[in-house]
Each structure stands twice: as C-alpha cells, then as structure tokens.
Amino acid sequence: MSTVRPVRTGEQVAAPEPLVTIKSAAKVYGTNQGLAPLSLAIHAGERVALVGPSGSGKTTLLRLLAGALVPDQGTRSVIINGKSPAELKPGRELASLVGIVSQRFDLVPHLPVLHNVLAGRLGHWTLARSILSLVWPMERRAAQQALARVGIADKINERPGRLSGGEQQRVAIARMMMQSPLVILADEPVASLDPARAEEVMELLVGLVSWNENDGSSQRTLIASLHTASLIRRHFTRVIGLRESRVQFDLPAGELDDAVLDELYDLGDDTDDIEPLAGLAARDG
Amino acid sequence: MSLRRLQNWLTGPRLLTLGIVFALAWSLSRVDWQQPIGHTGGGGAALQVLLALFPPELSQEFLRICVVASWHTLAYAIAGMSIAVALGLPLGVLASGVLASSPDGSETRRRTLMASVRFLLAAMRSVHELVWVLLFVAAVGLSPMAAILAMAIPYAGILGRIYAEQLQDVPAEPVAALRTTGASSAHILLYGYIPMALPDLLSYTFYRLECGIRAAAIMSFVGIDGIGFQIELSLADLLFRQVWTLLIFLVALVVAVDWWSSRVRRSMAY
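Chains as they are written, first to last, in this note's numbering: chain A, 8 to 292; chain B, 210 to 479.
One chain only, chain A, in its complex shape (with noise of 0.2 Å):
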C-alpha cells in the first residue's frame, strides 16, 4: 500500500518528556478487536486529530484515554502526566488530567444549562458541596465567564432540550473549561453541525488548549477524532489515521491530502496486507 508511511510526530517538539505515553495498549471486546496494540507519545500542545472509518478503533483509544476504559495490558500502559486514568478514583486528580466532549447526548436535559456547566466541578468539589450548589449554585461567575466565552451567556437558565445542536456543544465545552483538564479529549465533536457550526466549535476547541483561567500560560493537549480533512489542516498539528484497529499513518496535519484520507475510507479494498505500523512507534523509548 502507497499510503503507508513510516510514523514520525506531527511537530517535532524537543519537550524531554512526552504528556501522553501509549505502550502497547490493546482492547478486545469479546471476540472483537477493539484497539490493536498501539504505541503513541503526544507532547504537550499538540493538538492530534484522529480520523478513520467507524470502528477503527477511534472512540476505544478516546475512552481508554480517558480512564473509562482499562487496556488489556494492564492501566499502566496508558500514562498521562505519570498517571494513570483509569487507576485513579473519581476525584480532583482525575478531573484535571483528562476531560472528554462527546458528539452529543451529553448533557443532563432535565438541569439547566448553568448546573450543567457546573458539572465540570463536581470532580473538584465535595459531596456537600454539590448539594449546595443545586440550591445555591457555586462558582456561577465562573460560569457565567465560561458561556461568555462560547458565546451562549444569555442561555444560562435555559434547558439543554430547547438549545440547538451547536449551542449544546457549546456547553459541553463550557463544562470542559470548568473541568479545566490538562488532556482535553473530543470524540466526533462536530460530527452532527453543519460546516459553519462545525468551524465555530472547533475554533472553540483550539481556543481551549492554550486557555487558562489564571493566566494562559499552561499548555494542554486536544485529541479529538473528526472526518474533515479541511478542518484538520486548519486546527491541528498532528493526525493519525486508524484503520481496523490500527495505526496507518502518524502525519502533520499540514501533510494530510484528500487522497490519503480517501485511501483510508476506501471500503471495498482488502486491508489484510497492511503492515502494522502500530507497535513501531519507538521514539518514546
């Protein structure tokens, strides 16, 4: 196959230490390859977007990721920042290591939208506390600021239920800035917008990783999946492309052509002969 090209970062970084390390995680579902093993390290800043046709193992890598998932090779091959995610308990640690926006459904359709926000705290805040808040909301200036910044202020006593498709996203990323994550995951965040829609949210998205409520000098890391080669060239830095579970291409974004991505769709073709590429990706060692 043409397309298959040796793995090499998207950005070429000299940060020492990488912020992700994958070694060999691996998923099966039943008799079903989730994730075949795969080995990845992303620095922080990168911004990573994940492409591939459904069941390529996308939304496995995301939720293994973000600690939902623990990978058949034990917890400790998935580390970000020295931890791992799905070995810590729910919590404040858990909290500020990696969030997740999904495509939709995510937000609680009977509170509104401010408590939803809200939610992005609860990994910060005690029990009683978040009893309180369902009275007497907390932090409401915080989330005030927050839907400011997506540009849906105004919306804040609205149900979620009453807001389109974007504005629901728009809170959904509203609670990923009070969750305030070091590892922002986005699985197919705009898969259900429109083009304009779809830009605006990902600008959004971007914007997060170099915000920081106190001063904006932190750098997180956005790993989201999507399908639009436009936007991935616009937006990120780094693509990988996943195919029947494994690794068939790590680019720049700036490299990925509509030919390679169409390659990577294509259905009717046999795959058997791909190398796989995915336990190649030695650099972290």
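The set of hints was computed from the structure by calculation and includes no laboratory data. Everything hinted at is true.
Now the in silico label distances, taken between C-beta atoms and shown as ranges:
hint, chain 1, residue 1, chain 2, residue 2, range
1, B, V349, A, Q151, 52 to 62 Å
2, A, D265, B, R320, 42 to 52 Å
3, B, Q377, A, G172, 20 to 30 Å
4, B, H337, A, P60, 50 to 60 Å
5, B, V460, A, E100, 52 to 62 Å
The following residues of chain B were derived to be distant from chain A, with all beta-carbon distances above 12 Å:
hint, residue
6, L259
7, I362
8, D467
Straight-line distance between alpha carbons at most 25 Å, and here's what the computed DMTMM-like set of lysine to aspartate or glutamate pairs gives:
hint, chain 1, residue 1, chain 2, residue 2
9, A, K96, A, D79
10, A, K96, B, E382
11, A, K90, A, D79
12, A, K90, A, E24
13, A, K90, A, E100
14, A, K96, B, E316
Even glycine gets a Cβ: it sits at the ideal position worked out from N, Cα and C.
Given the coordinates of chain A, assemble chain B onto it according to the supplied hints.
Relative to the frame of chain A, chain B by itself:
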C-alpha cells in the same frame, strides 16, 4: 423432518403459552353451567343499592362525618407515603446499583448488595398492607400509627423496586459524560440519575399516593377512623345512601390527587 421442526418450534415460552391455554380450557370444562351466578334475590338487592344513589345522604351532620373521615384517610395516606418515600428512595438507589457502577472491579460486591436490597424490598411488599395493619393493630392497638406503618412498609417495597428500575433506565450518555468530569458516583446520582429520572419518579409517586388513599380507606375497616370505617358502619345498618356519599368523597379525594399530580408534572416539563 417435521418432528425436528416441531421440536425447534416448542421453545420455553411457547410451551408455557400452550400449558396456560390447556389449563384454561380444562377449568372451563369443569364449570357447572347449570347453577346461576348470583344468589336468588341478588337482583333485587342490587337494584336497592343502586337506587340509594338518588339521592345519596346529604344531611349536614353526615357530611361533617364524611369530611372528618376523608381528612383522616388523606392524613394516613400522606403520612404513610412520606415514610414510604423516605424508605423507598434510598433502598431503590441501593437496589439500582447506580451508586457502585464505577469502571474498577468490585462487581461481585455490587451484585451482592443489589440482590440483598432487592430481596428486602420484595419481602416488604409481598405482605399486603391489610395483613400488616392487622399485625400492627395487634402490636400497638387501634391507633393511627398502625395504619400509617402498615401502609409505609409495603409501599416502600413497591416504590423502591420501581425507583430502582426508573434510575436504571436513564440515558447512559449524560451519565458517562459526568463520569469523565471526575465526578464520584454520589455526585452522578445527584447531577445525572435523579434529575433525569425525576419526572418518572414523581409521576409514579403520585400514582402510588392515589393507591395509598384507597388503601388507607380500606385499612380503616379494621376500626381506625376513616372512610372505610364509616362505610363499614353504614353497611352494617344497610344505610346504602350513606355508603354512596362516602364513596363520592373517596372518588373526589382520588380525583383531587390526580389533578394535583398533573399540575406538578406539567410544571416539570422541559
């Protein structure tokens, strides 16, 4: 092979259906169709009861008795339901297993807890409130407390079981999203499960309150003041006009609760 096809077709549920059909047919064949269904003179008595509705007893003195009896019945129902909700909600949460569904192990412990709470709930509701009230009257005498506790126990069992199912039925995606914010299971219960299940929880609780009013009326047959007790007194004296008045009060109570519950549900719509 037709025998092989028959064997494949005769699965468990189909066998059960066939068995029930045969049992029904057999029981019908054993009925003695020569005997009349009612006793002789039943028709005349039924007509007498029906005619007593025109008009029911409306004397001021009796209406005052009805209002007091209705008030007591409503009070028992609300007190019994309050205890039932206070017991049933925590038990339902435990039985639903939503508090312990974290991705780490301890699955056996979770299943054991769920099964034992479900067993407790089943035991509470398998004894009818009428049986409970007889037991409590024997224990604490003819006090309102007997009626209230007798209702609270089986109703907590019913509420707990339905609450558990309603909590398990909430959409999984928002719950998963909350989990990724680092929220603990208790946080997720408060910000995900309960808000999402609340319309269903409330709706079912109101429905059970209606049932509770009927149950409270019936339980007072044992001799605690209430609509049932008054019905029993009037029936003993064959005063069917009074019975009708009491039944109208009972219907009015249930309709009022239904109206209240639809008001509450409408205000919850999102």
